[in-house]
Amino acid sequence: QKEVEQNSGPLSVPEGAIASLNCTYSDRVSQSFFWYRQYSGKSPELIMSIYSNGDKEDGRFTAQLNKASQYVSLLIRDSQPSDSATYLCAVRRNTNAGKSTFGDGTTLTVKP
Amino acid sequence: GAVVSQHPSWVICKSGTSVKIECRSLDFQATTMFWYRQFPKQSLMLMATSNEGSKATYEQGVEKDKFLINHASLTLSTLTVTSAHPEDSSFYICSAPEMAGRYEQYFGPGTRLTVT
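First to last, the protein sequences are chains A and B. Residue numbering for the first sequence follows the working numbering, beginning at 1 and increasing consecutively. Residue numbering for the second sequence follows the working numbering, beginning at 113 and increasing consecutively.
Simulated from the structure, these hints should not be mistaken for laboratory data. Quantities reported herein were computed from a predicted structural model and do not represent experimental measurements. Glycine included, every Cβ here is placed at the ideal spot set by N, Cα and C. Some hints here could point you the wrong way.
Stated by the list, open to error - One-sided and incomplete, this derived list gives chain A residues near chain B with beta-carbon spacing under 10 Å:
# : residue
1 : 43
2 : 59
3 : 84
4 : 88
5 : 103
As the list claims (entries may be wrong) - Covered stretches of chain B (chain A as the covering partner; in silico rule of three or more C-beta atoms under 8 Å from a C-beta of chain A):
# : region
6 : 122-134
7 : 218-227
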């Protein structure tokens with residue numbers, strides 16, 4: 001079992017719809033959770049971080065964390081073609097000196 | 113967010129030569145930096161953890177004599193690919209966690225290496 005699991009996709013949604021990206025993790029002592037966006041040929045870009053249970057909203061993005069279920073998700077509202085990218089979930093223990101474990105990513109395509 | 117730069121952004125070298133890639137944290141100090149490699153349409157693969165003032169820690173299967181890492185200051189880490197071969201052609205990305213805050217990891221823009 002991988003430490004961080006994501007559906008590889010591809011996930012395809014129409015423009016304006018809500019895109020839902022999911023991630024599960026196996027290490028119960030994980031404390032920090034991150035979502036990165038990676039456009040083709042580019043490096044990952046941090047878009048959201050979440051540290052406590054519940055929802056965290058930033059513009060069109062909402063991260064949701066449920067530590068009991070070891071589950072973190074990212075919702076993208078009013079999806080735009082420019083949101084088409086691979087989304088990476090990352091998880092970190094507080095003892096890991098900054099090192100995060102990354103999932104393999106979910107590829108999202110937003111169709112005009 | 114914090115800024116990490118990499119140089120060069122792309123490099124072409126001949127088989128058997130060595131290539132050095134620099135990674136700099138521009139607006140924060142990074143006692144730790146990470147080096148990743150990514151092949152087309154594949155996942156990020158962590159190669160090694162670079163620690164300022166001490167030896168790097170390499171992931172299993174990564175040849176430390178081939179991928180030399182030096183972290184000489186709090187803002188600079190270098191990765192040298194020695195005796196490069198075509199199979200080393202890849203996208204090399206460094207990152208650094210911003211340790212003063214919540215350890216968010218910031219990535220450099222990456223270096224695309226092509227070995228001919």
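Now for the hints, and whether the structure bears them out:
{"no.": "1", "hint": "43", "result": "4 Å, holds"}
{"no.": "2", "hint": "59", "result": "15 Å, violated"}
{"no.": "3", "hint": "84", "result": "15 Å, violated"}
{"no.": "4", "hint": "88", "result": "7 Å, holds"}
{"no.": "5", "hint": "103", "result": "8 Å, holds"}
{"no.": "6", "hint": "122-134", "result": "violated (count 0)"}
{"no.": "7", "hint": "218-227", "result": "holds (count 5)"}
Against the hints set out earlier in the document, violations occur for numbers 2, 3, 6.
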